[in-house]
Amino acid sequence: MTLRLSPVRMTVTRDLIREYAALSDDYNPIHVDPEYAAASPMGGVIAHGTLSLNLIWHSLELTFGSQGADCIITEVRFKTPVRENDALEAGGEIDDSGEIRIWVRNQHALNVIEGSARLKGP
Amino acid sequence: MSSPALSADAKTEMRLFDSFSPGQPCGRAVIALNRTFTEQMKNLLGPSLTDDRIHMAAVPLLLMRAFTTVVGGRPPGNLHVGQVCELFELPGTEAELEANVVCLGKEKKRDRKILRFEISLSEPGSGRRFMSGVSTIFWAA
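In order, the protein sequence lines correspond to chains A and B.
Position 22 (the first sequence) corresponds to 21 in numbering that gives the first Met the number 0; numbering is contiguous.
Position 23 (the second sequence) corresponds to 22 in numbering that gives the first Met the number 0; numbering is contiguous.
Worth flagging that the hints you see were computed from the coordinates, not collected in a lab.
It should be emphasised that the depicted structure is a prediction, and the values quoted were computed from it without experimental measurement.
There could be a bad hint or two in this list.
Listed next, with one range per pair, are the computed distances between beta-carbon atoms [what the hints assert, rightly or not]: (1) A:Thr-1 x B:Glu-95: 34 to 44 Å; (2) A:Asp-94 x B:Thr-49: 23 to 33 Å; (3) A:Tyr-35 x B:Phe-16: 18 to 28 Å; (4) B:Gly-124 x A:Ala-108: 24 to 34 Å; (5) B:Glu-12 x A:Pro-6: 39 to 49 Å.
For each residue, glycine too, the CB sits at the ideal point set by N, CA and C.
My request is simple: use the sequences and hints to build the entire structure.
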């Protein structure tokens, strides 16, 4: 039987990316300078990868609770850039072996992040 | 926007790929969390299940904050391509965190310059671990 993580959704706006830049102190122009980003290989502003990754951790908290979720590890790859106005959903599936496959998907059903998570013993 | 108080030995010179050596510490800093920062995280990331500890959703954010605080002079155009996050214990909302960053590895693949960094956050003095992570970054210069 496969169990699912509680989904977490977010629409990524320019304001949100700028707020995240301030909180993370990461003002890489690929995130905050539309002209620079447009001229870069990315072809426009992209969100910070960890902004989307935070959604997975929120999903883990909602699923396992903040106490039970201590001692957890996630390993992910950032597969596809997240653009302004992308609508994201983070989630995951837990199989019988306890392996947790995690992802963040955009409105085109593309995985922008994928990887795995596991809970560790105390 | 108010940020956590910092007492950092942050660098401001441009850090080039060639300046990193695997196994070499990149530096340390102390990050003092405060209620303003915590509330901003909640506003951005959604409601938390706890009021007395940091929002679990903020684990990747805190690791990145640790990295940017310690490793200044990052070139524009860096791309973050992979991340490991490991949580041991959520810190309190007004905790002091000691951030340490070590260069774990570097390699070139075609025209890509790839660096891996280990980031850890612990309690100053006691060394009690809160979280750690490994960031893989395409370095732009």
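Tested hints:
Our hint of 34 to 44 Å for Thr-1 (chain A) and Glu-95 (chain B) holds, since their Cβ atoms are close to 41 Å apart. Roughly 28 Å separates the CB atoms of Asp-94 (chain A) and Thr-49 (chain B), a value that falls within the hinted 23 to 33 Å. Separation of Tyr-35 (chain A) from Phe-16 (chain B) is about 20 Å and conforms to the stated range, judged on CB atoms against 18 to 28 Å. In this structure, Gly-124 (chain B) and Ala-108 (chain A) break the distance hint of 24 to 34 Å, their C-beta atoms being roughly 48 Å apart.
Taken as a hint, the range 39 to 49 Å holds for the pair Glu-12 (chain B) and Pro-6 (chain A), whose Cβ atoms sit roughly 43 Å apart.
In this structure, the one hint that does not hold is number 4.
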